[in-house]
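Line order of the protein sequences matches chains B and H.
The C-terminal position of the first sequence is numbered 143 in my numbering, with every residue numbered one higher than the one before it.
The C-terminal position of the second sequence is numbered 130 in my numbering, with every residue numbered one higher than the one before it.
Since the hints were made in silico from the structure, they are not lab data.
Built from N, CA and C at the ideal position, the CB exists for glycine as well.
Just so you know, not all the hints are guaranteed correct.
Distance ranges between label pairs, derived from CB positions [claimed, not checked]:
(1) B:88 x H:42: 40 to 48 Å
(2) H:98 x B:37: 24 to 32 Å
(3) B:135 x H:88: 22 to 30 Å
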Amino acid sequence: MPATDRVREVTLPNDTAALPCLADTVTEFCAAHHLDARCSHDLNLALEEAVSNVMLYAYTDHAPHTILVRLTLDDTAVRVAIEDDGVAFNPLDAPAPDLDVPIEQRQIGGLGIFFVQELMDEVTYARRDGKNILQLVKKTQAA
Amino acid sequence: MALSVEIKKRPEGGHIVAPKGRLDTVTHEEFEQKITPLLNGGTPAVVLDMAGIDYISSAGLRVVFKLWKNIAGNKGVFTMTNLQPQIKAVFDIVKALPKETVFASVDEADRYLSVMQQKAIEQLRGATTT
């Protein structure tokens with residue numbers, strides 16, 4: 001398989017109606033590279049959480065924007081980059097939810113980025129050239 | 001369709017809620033609309049049958065938790081059953097699988113609800129005789 005197949009990019013409008021397209025892209029990428037169901041599920045969930053956060057919170061104007069998602073497979077991991085030109089926002093700054101409290105007493109919120117951190121092996125944020133860049137790493141084999 | 005929701009009344013009181021498909025950013029509002037009549041005393045008990053749900057994200061979880069909190073807050077009983085493995089894994093990450101809430105089947109949840117309803121009746125009887 002040519003090396004270029006191991007990189008897949010998709011550009012999405014900042015509209016949650018585009019999330020099914022993202023899910024299809026991730027699922028196809030995982031299937032094409034024979035990644036297991038767990039890897040595919042975790043990538044799909046982490047990407048929905050991260051990208052929906054951008055769609056819902058990154059923009060204060062009502063103009064259309066595009067969000068770039070790049071998936072790269074190498075010998076040890078799937079690496080994901082999510083780039084947007086919204087307001088400077090580091091999702092990792094959000095406080096972790098308190099899970100030691102019964103559901104009846106919990107604050108509802110802060111779960112999205114928590115899932116990203118729990119499901120991915122590495123999560124890093126950078127702000128460069130007016131863009132938010134969130135990078136995720138999901139290892140594909142036992143280290 | 002990404003999500004359909006079936007809600008059935010239990011003969012002994014309460015409702016069985018059976019969503020099918022995905023509970024995510026795109027479908028969570030629809031799920032919330034469907035369960036709204038059950039909130040704020042709309043039902044004394046819920047069995048959330050998750051057999052038909054193959055994907056849930058935080059947006060879907062928020063609606064489940066909203067229903068859960070609301071039922072509990074109105075002194076009702078909330079139970080959940082038939083979680084597929086990947087769904088159970090998601091609830092596990094947020095430590096939301098208490099033994100007294102999650103059951104292996106609708107039958108088991110039903111039996112638990114009957115016990116709880118019997119206890120509630122006995123408490124009422126006890127209260128009126130003192």
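Query raised in the report: Holds or violated: 40 to 48 Å for the Cβ distance of residue 88 (chain B) and residue 42 (chain H)?
Result: For residue 42 (chain H) against residue 88 (chain B), whose Cβ atoms are near 43 Å apart, the range 40 to 48 Å holds.
Report task. Could you check the hint for me, namely that residue 135 (chain B) and residue 88 (chain H) are 22 to 30 Å apart, CB to CB? Result -> Given about 29 Å between the Cβ atoms, the range holds.
Requested in this report: Please test the hint of 24 to 32 Å on the beta carbon pair from residue 98 (chain H) and residue 37 (chain B).
Outcome: holds (27 Å)
In summary, this structure violates none of the numbered hints.
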